[in-house]
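A.B. asks: Read top to bottom, the protein sequences are chains G and S.
Its first residue numbered 1, the first sequence is counted upward by one per residue in our numbering.
Its first residue numbered 1, the second sequence is counted upward by one per residue in our numbering.
I should point out that these hints are in silico values taken from the structure, not numbers from a laboratory.
Do not rely on the hints blindly, as some may be mistaken.
The following residues of chain S were derived to be distant from chain G, with all beta-carbon distances above 12 Å [unchecked claim]:
1. Asn482
2. Lys534
3. Thr656
Label pairs and their calculated CB-CB ranges [as the list claims (entries may be wrong)]:
4. S:Asp297 with G:Pro124: 54 to 62 Å
5. G:Pro88 with S:Ser342: 36 to 44 Å
6. S:Lys385 with G:Asp98: 38 to 46 Å
7. G:Asp98 with S:Pro35: 21 to 29 Å
8. S:Gly661 with G:Ala97: 23 to 31 Å
9. S:Met353 with G:His130: 46 to 54 Å
10. S:Ser324 with G:Ser143: 46 to 54 Å
11. G:Gln40 with S:Pro641: 13 to 21 Å
12. G:Pro85 with S:Met353: 19 to 27 Å
13. S:Glu817 with G:Pro85: 36 to 44 Å
14. G:Pro88 with S:Gly661: 17 to 25 Å
15. G:Pro81 with S:Ser342: 49 to 57 Å
The beta-carbon is built from N, C-alpha and C at its ideal position, and this holds for glycine as well.
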Amino acid sequence: MSTVTQSPTPGGTVAARSTVNLCTFRLHEFMIGIDVTLVQEVLNRQDATRIPLVSDVVQGLINLRGEIVTTIDLRRRLGLPLRTPDDPCMNVVIRTADGPVALAVDTIGDVIDADESLFEFPPPTLSGPHREFVTGVFKLDESLLLLIDLDRVLDPSTIKIKTEVPA
Amino acid sequence: MNTSEFDDVMVEFITESRENLDELDTALVTLEQHPDPGVIAKIFRAVHTIKGTSGFLGLRTLESVTHIGENLLSKMRDGEMPVTQANTTGLLGMADAVRAILDNVEATGSEGSETYPALIEQLSRLNSGEAPAAAAPAPAAAPEPPTPSAATAKAATEAKPAKAKSTRRKAAPEPVVEITDAPTPRRRTAKAGSPVAEASVTQLKPRRVKVNPPAKKVEEPETIEEEPARIGEQLVERGLATETQVDEAVLLQKQGDPRHLGELLVEQGVVKSNDVVEVLKTQAEERPASNESIRVDVGLLDDLMNLVGELVLARNQILQFNASFFDPSFSATSQRLNLITSELQEGVMKTRMQPIDNIWNKFPRIVRDLSLSCGKNARLEMEGKHTEVDKTLLEAIKDPLTHLIRNAIDHGLETPEVRMATGKPAEGTVRLSAYHEGGQVIIEIADDGAGIDANVIRRKAVQKGMMTADDAATRPDRDIVNVIFQPGFSTAEQVSNISGRGVGMDVVKTNIEAIGGSVDVQTVIGRGTTFKVKIPLTLAIIPALLVNAGGERYAIPQVSLVELVRLDGESATTGIESVQGAPVHRLRGKLLPLVFLNEVFGTPPSPSDDAVNIVVVQSDDTQFGLVVDDISDTAEIVVKPLGRLLKGASGFAGATIMGDGKVALILDLLGVSQLAGVSSTSAARAQAEANANRSFEVTNDHESILIVGIGDRRFALQLAHVTRLEELPVAAVRTAGDHRVIHYRDQILPLVTLADRLGVYSQSANDQNLQVLVCGAGERSVGLIVDSVFDIVDERLEYSDRTETYGVMGTTVIGGEVTDVLDIRAFVAQDVLAAAEVAA
Numbered sequence: 001m002s003t004v005t006q007s008p009t010p011g012g013t014v015a016a017r018s019t020v021n022l023c024t025f026r027l028h029e030f031m032i033g034i035d036v037t038l039v040q041e042v043l044n045r046q047d048a049t050r051i052p053l054v055s056d057v058v059q060g061l062i063n064l065r066g067e068i069v070t071t072i073d074l075r076r077r078l079g080l081p082l083r084t085p086d087d088p089c090m091n092v093v094i095r096t097a098d099g100p101v102a103l104a105v106d107t108i109g110d111v112i113d114a115d116e117s118l119f120e121f122p123p124p125t126l127s128g129p130h131r132e133f134v135t136g137v138f139k140l141d142e143s144l145l146l147l148i149d150l151d152r153v154l155d156p157s158t159i160k161i162k163t164e165v166p167a
Numbered sequence: 001m002n003t004s005e006f007d008d009v010m011v012e013f014i015t016e017s018r019e020n021l022d023e024l025d026t027a028l029v030t031l032e033q034h035p036d037p038g039v040i041a042k043i044f045r046a047v048h049t050i051k052g053t054s055g056f057l058g059l060r061t062l063e064s065v066t067h068i069g070e071n072l073l074s075k076m077r078d079g080e081m082p083v084t085q086a087n088t089t090g091l092l093g094m095a096d097a098v099r100a101i102l103d104n105v106e107a108t109g110s111e112g113s114e115t116y117p118a119l120i121e122q123l124s125r126l127n128s129g130e131a132p133a134a135a136a137p138a139p140a141a142a143p144e145p146p147t148p149s150a151a152t153a154k155a156a157t158e159a160k161p162a163k164a165k166s167t168r169r170k171a172a173p174e175p176v177v178e179i180t181d182a183p184t185p186r187r188r189t190a191k192a193g194s195p196v197a198e199a200s201v202t203q204l205k206p207r208r209v210k211v212n213p214p215a216k217k218v219e220e221p222e223t224i225e226e227e228p229a230r231i232g233e234q235l236v237e238r239g240l241a242t243e244t245q246v247d248e249a250v251l252l253q254k255q256g257d258p259r260h261l262g263e264l265l266v267e268q269g270v271v272k273s274n275d276v277v278e279v280l281k282t283q284a285e286e287r288p289a290s291n292e293s294i295r296v297d298v299g300l301l302d303d304l305m306n307l308v309g310e311l312v313l314a315r316n317q318i319l320q321f322n323a324s325f326f327d328p329s330f331s332a333t334s335q336r337l338n339l340i341t342s343e344l345q346e347g348v349m350k351t352r353m354q355p356i357d358n359i360w361n362k363f364p365r366i367v368r369d370l371s372l373s374c375g376k377n378a379r380l381e382m383e384g385k386h387t388e389v390d391k392t393l394l395e396a397i398k399d400p401l402t403h404l405i406r407n408a409i410d411h412g413l414e415t416p417e418v419r420m421a422t423g424k425p426a427e428g429t430v431r432l433s434a435y436h437e438g439g440q441v442i443i444e445i446a447d448d449g450a451g452i453d454a455n456v457i458r459r460k461a462v463q464k465g466m467m468t469a470d471d472a473a474t475r476p477d478r479d480i481v482n483v484i485f486q487p488g489f490s491t492a493e494q495v496s497n498i499s500g501r502g503v504g505m506d507v508v509k510t511n512i513e514a515i516g517g518s519v520d521v522q523t524v525i526g527r528g529t530t531f532k533v534k535i536p537l538t539l540a541i542i543p544a545l546l547v548n549a550g551g552e553r554y555a556i557p558q559v560s561l562v563e564l565v566r567l568d569g570e571s572a573t574t575g576i577e578s579v580q581g582a583p584v585h586r587l588r589g590k591l592l593p594l595v596f597l598n599e600v601f602g603t604p605p606s607p608s609d610d611a612v613n614i615v616v617v618q619s620d621d622t623q624f625g626l627v628v629d630d631i632s633d634t635a636e637i638v639v640k641p642l643g644r645l646l647k648g649a650s651g652f653a654g655a656t657i658m659g660d661g662k663v664a665l666i667l668d669l670l671g672v673s674q675l676a677g678v679s680s681t682s683a684a685r686a687q688a689e690a691n692a693n694r695s696f697e698v699t700n701d702h703e704s705i706l707i708v709g710i711g712d713r714r715f716a717l718q719l720a721h722v723t724r725l726e727e728l729p730v731a732a733v734r735t736a737g738d739h740r741v742i743h744y745r746d747q748i749l750p751l752v753t754l755a756d757r758l759g760v761y762s763q764s765a766n767d768q769n770l771q772v773l774v775c776g777a778g779e780r781s782v783g784l785i786v787d788s789v790f791d792i793v794d795e796r797l798e799y800s801d802r803t804e805t806y807g808v809m810g811t812t813v814i815g816g817e818v819t820d821v822l823d824i825r826a827f828v829a830q831d832v833l834a835a836a837e838v839a840a
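Kindly generate the complete structure, drawing on both the sequences and the hints.
C.D. replies: Have a look at this one:
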């Protein structure tokens with residue numbers, strides 16, 4: 001486990017404690033966890049205002065009690081199959097240094113105390129979400145829980161902002 | 001004594017001193033032009049305050065610099081020294097030194113190692129060596145011992161009630177005393193009530209340093225605490241007593257003499273009682289009559305502004321809810337909320353407004369220094385000093401304006417010899433004016449210099465490879481002059497320390513545009529150059545037009561809005577033509593490039609309702625028509641920034657929250673025009689050129705003329721007489737007495753059918769709706785029914801008046817068609833017209 005303690009990610013997804021407090025949610029067929037302290041709140045489906053000429057990864061803008069919050073479609077961001085209009089959708093609002101950002105997920109799960117002994121680095125054969133975003137896996141009794149690196153997910157330099165005029 | 005309290009004192013001192021310095025600069029420059037004892041006295045007081053406070057705060061360098069300046073000033077005040085340029089330069093240098101020291105103190109907590117020997121030397125020379133008896137000898141210019149800032153300062157703050165003039169408002173310090181290890185004996189402070197206090201006093205050299213009252217006195221009323229210092233200081237200042245005498249008297253007081261300092265001095269025969277009375281009188285006058293204003297943290301105001309923004313949004317939502325909810329009491333309450341919110345918004349906005357003079361007051365100094373160093377003779381005229389601008393905007397335009405002024409002197413004005421040779425007065429004028437116009441603040445910087453020669457710019461631009469020679473030759477002068485705003489362009493033959501590095505004008509333009517403003521240049525060779533800077537009144541809450549495109553709402557800031565054009569029926573298809581594949585619309589004979597918002601944004605085109613809505617907007621110097629699906633309404637919107645994730649998104653200036661709680665994007669028209677490629681098309685340039693001409697013409701008594709159709713005839717009338725153009729349903733028309741009326745905007749609007757009155761046979765195309773010109777406002781309004789509204793043109797209304805027809809003033813030709821000029825006074829009472837003009 002020593003390697004884990006040496007690589008605490010800035011996103012705070014893993015810390016070298018005996019248990020990690022994680023907020024979990026479901027995305028496509030995966031269970032994903034993020035550090036619960038980064039979560040500001042969870043919202044039901046919101047009608048987002050679409051932003052033209054911007055990557056599809058940006059679902060749009062929502063009004064969070066007077067504050068304008070950008071919503072990221074996490075399925076698109078992680079390269080998962082798109083959700084159909086009938087699929088459930090919730091927003092997990094994350095605190096970042098530049099204000100809150102919302103992640104559109106399918107459904108929200110429990111907040112769990114994950115034992116660190118259950119942690120493992122993502123296996124090389126990992127399929128599903130883009131490897132670059134997954135920092136590790138917790139082998140829970142009922143399923144596997146993927147940890148994602150929020151800093152990388154929300155890095156504006158990797159979200160391509162389209163500016164060219166469509167022909 | 002805790003450090004935060006000390007910090008408070010220091011911060012207040014720095015703030016106040018900076019304000020004093022700003023006044024000082026202006027006053028010194030004024031003084032140079034018009035020597036006035038009142039002004040000298042004002043300067044003297046400012047310097048004196050800084051000196052006094054710095055002394056007891058332990059800022060030795062600051063004290064020595066201001067002290068010597070004060071000496072010079074006192075001589076100037078007493079008429080012993082004339083007001084010369086050298087003197088003013090010396091004093092301005094002192095002001096700069098004080099600023100630098102204050103900056104240092106603020107940044108590092110200490111004065112820094114610079115002791116300004118050269119400046120002190122210069123000022124001493126100006127002082128011509130002899131000091132009057134009463135004034136203390138100038139302190140040595142040698143470096144002061146390094147200030148053990150914390151300890152000394154703590155000790156110094158002890159002395160506050162005795163000495164402080166500017167910080168007097170502060171609460172008395174806690175009677176806690178620490179023994180400090182300050183290097184000089186006079187800085188030593190004692191434990192409360194300890195006899196060391198006296199001991200240190202006797203060690204005092206008769207200097208400007210005031211005696212610290214024993215700490216036990218601190219709990220007594222503050223007035224007594226202050227008096228020894230205040231009155232003693234005044235007496236010394238006037239040369240009525242020496243510092244030793246005052247110090248002795250103060251010592252007596254400390255030893256338990258209950259009498260006031262003045263009494264003691266009079267008794268000792270040092271001063272006459274008359275003098276004391278007089279000093280006390282001045283003291284009373286100097287005290288501010290009452291504190292009408294308070295200092296408020298700008299951060300607090302910003303928070304308040306944000307909250308008001310939220311309130312405006314909540315108000316908008318409630319008003320929207322009210323529209324679908326019929327409850328009289330709820331309706332009344334929401335109306336009241338509406339009013340209160342508007343007033344609150346206005347009030348909070350006002351707290352952030354500051355007169356533009358707050359930045360202008362630095363300019364006289366800049367102009368003076370610059371003209372001296374450039375060998376030019378310049379006078380600065382300022383008009384509209386009191387024009388108010390939002391504080392954040394004020395900060396933002398400070399540097400651009402300074403740069404424009406520098407440019408005006410460095411590049412704009414000629415040397416006195418050249419000016420004389422061309423028959424101009426040797427003294428050049430730089431004129432600053434500021435005023436409000438159409439919800440914007442306009443600032444003009446005009447010089448009467450040489451003007452900008454377009455051919456010089458052409459040559460330079462080609463030389464620098466910014467354009468081809470052909471391009472340069474074909475582009476009109478006006479276009480060429482604007483090249484000065486491009487990065488890397490500078491015409492100065494030599495790079496001076498003032499300007500000419502070629503990083504100027506483009507930065508000016510970028511900075512001004514960053515706050516939603518614009519800058520424009522007009523120049524006449526040999527006559528001068530005028531820069532016109534337009535900035536919005538405020539950034540936080542702006543009026544905007546809401547439009548729909550591709551199923552989303554967008555807000556267009558009203559400052560960029562020129563007009564709205566709707567093409568329906570046949571003109572929807574014929575009105576849009578194509579020039580080399582680019583869609584254009586012929587607007588009053590000029591080609592207007594069109595941008596289809598749906599195409600730019602790649603959103604699906606709307607299900608066509610066979611009408612085309614064109615929002616004519618102005619961005620930069622380009623005018624273009626933005627084609628949208630629908631135009632909904634105008635609203636006051638609160639501008640909110642897009643997050644960091646969306647920094648790269650172009651075309652948007654921010655977002656706002658609408659009445660229904662949804663988010664709408666605010667269009668950045670410059671971005672949109674660039675996305676659509678309009679900003680650089682030749683059509684746009686031609687249009688800009690045409691606009692420039694047109695706006696020039698408009699000032700030459702052209703006016704907006706409304707052209708309407710009644711029957712088969714065209715009638716023209718001044719648009720100024722018409723408040724609104726409305727389409728009202730025929731079904732809503734009622735007959736009241738002899739009149740036809742309609743319920744319109746909660747008023748009963750009497751209707752006049754112009755066709756009947758003019759004896760023309762009406763052939764209204766639409767049986768459902770009436771085209772109504774509403775004249776007047778509120779209760780005093782009349783609706784004129786016409787058959788159709790054709791156009792609005794800017795023309796000079798000239799007509800032949802050989803007509804006897806009732807209601808017609810004459811006949812003219814507008815747009816190639818014969819048009820009768822309607823005599824609106826025949827149908828509408830004079831007071832209604834007046835009301836309309838006021839409303840317009």
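A.B. asks: Next, verify each hint and record whether it holds.
C.D. replies: Status of each hint after checking the structure:
No Cβ of chain G comes within 12 Å of the Cβ of asparagine 482 of chain S; the nearest lies about 25 Å off, and the non-interface call holds. Look at lysine 534 of chain S: its CB is around 27 Å from the nearest CB on chain G, clear of 12 Å, so calling it non-interface holds up. In this structure threonine 656 of chain S is not separated from chain G by more than 12 Å, as the shortest Cβ-Cβ distance comes to only about 8 Å. The hint said 54 to 62 Å for the Cβ distance between aspartate 297 of chain S and proline 124 of chain G, and at roughly 56 Å that hint holds.
A hinted range of 36 to 44 Å holds for the C-beta pair proline 88 of chain G and serine 342 of chain S, which are about 42 Å apart. Taken as a hint, the range 38 to 46 Å holds for the pair lysine 385 of chain S and aspartate 98 of chain G, whose Cβ atoms sit roughly 39 Å apart. Taking 21 to 29 Å as the suggested C-beta distance range, the pair aspartate 98 of chain G and proline 35 of chain S does not conform, at roughly 56 Å. Between glycine 661 of chain S and alanine 97 of chain G the beta carbons are some 27 Å apart, a value that agrees with the proposed interval 23 to 31 Å.
Between methionine 353 of chain S and histidine 130 of chain G the beta carbon distance is about 51 Å. The supplied range of 46 to 54 Å therefore holds. Checked against the hint of 46 to 54 Å, the C-beta distance between serine 324 of chain S and serine 143 of chain G comes to roughly 47 Å, which is consistent with it. In this structure the hint that glutamine 40 of chain G and proline 641 of chain S lie 13 to 21 Å apart at CB holds, the actual value being about 19 Å. Between proline 85 of chain G and methionine 353 of chain S the C-beta distance comes to about 49 Å, which lies outside the given range of 19 to 27 Å.
Checked against the given bound of 36 to 44 Å, the beta carbons of glutamate 817 of chain S and proline 85 of chain G, roughly 55 Å apart, lie outside it. A hinted range of 17 to 25 Å holds for the C-beta pair proline 88 of chain G and glycine 661 of chain S, which are about 22 Å apart. For proline 81 of chain G and serine 342 of chain S, the Cβ-Cβ distance of about 50 Å falls inside the hinted range of 49 to 57 Å, so the restraint holds.
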